[in-house]
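Take the given structure of chain A and dock chain B to it, following the hints.
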Amino acid sequence: MAIEPASELSSVEGATGFEAAAEREHAVGIGPWRLAGRRLRRNKVALAFGVLFLLLVGLALAAPLWAKDVAHTTTSANHLTEILHEGNKQVYVVSLSGVPVGPQWFAAGGKFFLGADDNGRDVMVRLLYGARTSLEIGIAAALITTVLAVVVALFAGYLRGITDTVLSRIMDIMWAFPVVILGVALGTALSIGGLKVGPVTLQSGSIAIPILIIGFVYVVYMARPLRGQVLSMREKEFIEAARAQGMGSFRIMFTEILPNLASTIVVFFPLAIANAILLEAYLSFLGAGVQPPTPSWGEMISEGIDRITTAPHLTIVPGLMLVLTVLALNIFGEGVRDALDPRSKVRISDN
Amino acid sequence: MRKYRGPVAAIVAVAAALALAACGGSSNSSSSSASGAASASSSTSSSSATGGAPKSGGTIKIGTVGPDSYDPQEYQTVQADSALHLVWTGLLAFKDGTGQASTELIPGLAESVPQPTDGGKTYVFQIRPNLHYSDGEPVKPSDVVNMVKRNLFLGGPFSSFYDDIVGATAYTAAKKQTAPLPGMIADDASGKLTIKLVQPDTRVLYAFAIGEAGVGPASKAIFKNTTGNPFPGDGPYTLKVVNPSPTNGEFILTKNPKFDVPTVAKGYLDQIDGMVSTNVNTMTENVINGTYDYMTEDPVGDLLPQVESQYKDRFLIGPGYPNTYYFFLNNTIAPFNKLAARQAVNYAIDPTALQRIFGGRLHPTCNLLPPGMVGYTAISPCPWRPNGTPQLSKAQALVKSAGLTGAPVTVWTNTKDPRPAIGAYLASVLNQIGFKATIKSLNQTVYFSTIGDPKSKAQIGFDDWFQDFPHAGDFMGNLLTTAAAKSIPSFNSGFVSDPHIDQQVNALDAQQPPAVASQWAALDAYVNSPTHAYLVPYGNEEDTAFYSTRMNVTQCSGYPNLVHRVDWALLCLK
Chain A
1 MAIEPASELS
11 SVEGATGFEA
21 AAEREHAVGI
31 GPWRLAGRRL
41 RRNKVALAFG
51 VLFLLLVGLA
61 LAAPLWAKDV
71 AHTTTSANHL
81 TEILHEGNKQ
91 VYVVSLSGVP
101 VGPQWFAAGG
111 KFFLGADDNG
121 RDVMVRLLYG
131 ARTSLEIGIA
141 AALITTVLAV
151 VVALFAGYLR
161 GITDTVLSRI
171 MDIMWAFPVV
181 ILGVALGTAL
191 SIGGLKVGPV
201 TLQSGSIAIP
211 ILIIGFVYVV
221 YMARPLRGQV
231 LSMREKEFIE
241 AARAQGMGSF
251 RIMFTEILPN
261 LASTIVVFFP
271 LAIANAILLE
281 AYLSFLGAGV
291 QPPTPSWGEM
301 ISEGIDRITT
311 APHLTIVPGL
321 MLVLTVLALN
331 IFGEGVRDAL
341 DPRSKVRISD
351 N
Chain B
1 MRKYRGPVAA
11 IVAVAAALAL
21 AACGGSSNSS
31 SSSASGAASA
41 SSSTSSSSAT
51 GGAPKSGGTI
61 KIGTVGPDSY
71 DPQEYQTVQA
81 DSALHLVWTG
91 LLAFKDGTGQ
101 ASTELIPGLA
111 ESVPQPTDGG
121 KTYVFQIRPN
131 LHYSDGEPVK
141 PSDVVNMVKR
151 NLFLGGPFSS
161 FYDDIVGATA
171 YTAAKKQTAP
181 LPGMIADDAS
191 GKLTIKLVQP
201 DTRVLYAFAI
211 GEAGVGPASK
221 AIFKNTTGNP
231 FPGDGPYTLK
241 VVNPSPTNGE
251 FILTKNPKFD
261 VPTVAKGYLD
271 QIDGMVSTNV
281 NTMTENVING
291 TYDYMTEDPV
301 GDLLPQVESQ
311 YKDRFLIGPG
321 YPNTYYFFLN
331 NTIAPFNKLA
341 ARQAVNYAID
351 PTALQRIFGG
361 RLHPTCNLLP
371 PGMVGYTAIS
381 PCPWRPNGTP
391 QLSKAQALVK
401 SAGLTGAPVT
411 VWTNTKDPRP
421 AIGAYLASVL
431 NQIGFKATIK
441 SLNQTVYFST
451 IGDPKSKAQI
461 GFDDWFQDFP
471 HAGDFMGNLL
481 TTAAAKSIPS
491 FNSGFVSDPH
501 IDQQVNALDA
511 QQPPAVASQW
521 AALDAYVNSP
531 THAYLVPYGN
541 EEDTAFYSTR
551 MNVTQCSGYP
561 NLVHRVDWAL
571 LCLK
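From first to last, the protein sequence lines stand for chains A and B.
Just so we're aligned: 118 in our numbering is position 118 of the first sequence, and the numbers increase by one with no gaps anywhere.
Just so we're aligned: 246 in our numbering is position 246 of the second sequence, and the numbers increase by one with no gaps anywhere.
These aren't lab readings, by the way, just hints derived from the structure by calculation.
Please note that the accuracy of each hint is not assured.
Okay, the calculated beta carbon distance ranges per label pair [unchecked claim]: (1) Val242/B to Ile192/A: 23 to 33 Å; (2) Ile192/A to Asp313/B: 34 to 44 Å; (3) Glu86/A to Thr405/B: 31 to 41 Å.
Using N, Cα and C, we set each Cβ at its ideal position, and we do this for glycine too.
Looking at chain A on its own, in the form it has when it is part of the complex (with noise of 0.2 Å):
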């Protein structure tokens, strides 16, 4: 395995002049690794948000404490028709005219902290399980993204000939379509009849569907750059060196190319998250996405969206926590990649 010298990684073009010259000096001797966590401790917004990303996960990993021995509720549990008692008055969770219950915090012993939602349902509990949800289907489909984006960057990068063709005109063809209209078209098609692949199956209101859709949609985002990072890679003296030794192109490009992958790879990958979490609030909102009653943010502001005038709280509070991750994890991925390596400018985009 080779590693690039971690001299061309720390040759800094961003950083110039007496701050470079300072860093270079620093630098000898460091692993590129290690030299990236220093500059990530230097920039504190990334690691503000870096952290308020790391609560947001213990919030959801909270979720069922809060349910159980605060909001003595579940997910799905209706209070329709319960009275709550705000000092001297009595009010519905909710109304006989459909309007549910505000944000109680600690007035109802933390029951309906953020109110009820049109079902009489507990929004700070859907809310924190909607977490949940989001950031297990960004996690999983992110993982899918760049193991996917990985192996086609590989093959089509380091083999060229047919083999690239091929998957570069299937990933033409795939970045042709806008992420948000293949994702509700599979989502749509998927939710509906579940889905069936020789002895696997998926039944339609399974989280694995949008989990699998997203990790899918983004896949042409990473792979492309990647694959160029390949091809260059391929052709520098290291590779030479390994061919000449006699090694197989099966190995090379995974022993010797995909470890210099890595600094790219760690840069796409909470990007490759926050896009996930929207892709799934986009369609969740589109009810392409996570399937009801399975609590998912997208899914909140959906349902919340009739009632925003009479009850705000519906959609602001998902909205809120999905503006927060997102923003969590793009500052933090920002920060990550001037980190390690602050001359590229690659970014996934959506579409």
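Using the frame of chain A, we list chain B on its own:
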């Protein structure tokens, strides 16, 4: 007695008063007016109301979730019926009007409404001479035979209505278009059509008046689903499907110059554009800002109180159109093939909770038959909720004792508001009592045909029924009989098959509903009794009509029409 809610009560009360005046002052004239306006009397179109005739001409846009099919023998929804009954007129029709008058049977293609002979088993129709379809072909009695054969052959949702015609069962079994149907004798030369029944059936006249009995030329009304290429009609309007998309479609109704049925309203408007969309909120906003002139859907969410308070001069609401909302339970597959499972759901459902999802527009019920229907007697106390509250612990015990704890159940619903919330409520209740529920939500245009197909294996879900004609058999016959279960798609979404219901419906259909009202009431109690629990009725919805400022709501609302919800033939501009 019909009740209306809130500030619009006064408007509708005035309309009702005018209806009485109109009934006294106008007759079901057989001559059409020179303006081309409705010739049949209409309670809200009484010119005496404002001292002038309603304006004719103009084009309007109607927002709708759209017809589920453009084939008259295949469609199932109210939205389809509202539009398409104007394209195909049957042997008989319902009077164009509002209120109770709109349920009156009148002659359509036939010269008169025939009286049965032979102990109620024979009807003889005389087709009016010189009637033509929109493409110029003459209307013939054999076209009506073709319509019935087509219905039976395709197994259309209303095909069971024709089962009592002599030879109908054999025709269906033969699965051959040209097989004989001896119970229908058409003489094209004289225009005479004789229909012979195996047994008396008082629904049969209605079966030839509903929109789904619309007649087309036999040469073009081929024996396959023609929704993609509708055949010519004989109604007051012609149909052009611009875009069949269920989410962003469009169809256009334009005046049929060849229409010449004097008893049926010709319509005031020159053209009606149906704008198909699933977004009810956008539809409502389009009516508010005048992009659309009327919408077939009820405003939902925040827009309902806004429309009720701010646009009271053009928004009508009331329990006009008899209907029942219920959950179907598929009696043929697990887990609802077990009585205990069906009982459990009935015990657990709380209509007052669902009332909130409907924004208060739902009146809780325990009956399948809606109030106002002959045969309706409120089941009180409701066996499922004797104290008015659901019995969750009883439901949980039933699920447990039947060994169904954790049994997977898919709740079916559709995407039209507030039905996703209704589906979520049902799933929540099922989870509470021990099942493991997930939700499957389909577009409304394909929803009913999907749940009505036994291949879909839909276990439980949203369902509703709006009156086609004022007869308890319309509810019981369509929703609960074995014959209805055999249609594909079937309205009997639970695929209920109970010899007692079949026998009772057959026997009661033979007599006029008022004569057997108590028996219908007993059957209503039977189907939802703890010993059967075939379905879960929970409410009767108040329906609404919302118009743009261009529309003449005072004279031409067409609401409430008790067969088509709103009679589009009566709509007119200011």
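Going down the list of hints, with the structure as the test:
1. Separation of Val242/B from Ile192/A is about 26 Å and conforms to the stated range, judged on CB atoms against 23 to 33 Å.
2. Remark: the range hint 34 to 44 Å for Ile192/A to Asp313/B is upheld by a beta-carbon distance near 42 Å.
3. Between Glu86/A and Thr405/B the C-beta distance comes to about 37 Å, which sits within the given range of 31 to 41 Å.
Of the numbered hints listed earlier, not one is contradicted by the structure.
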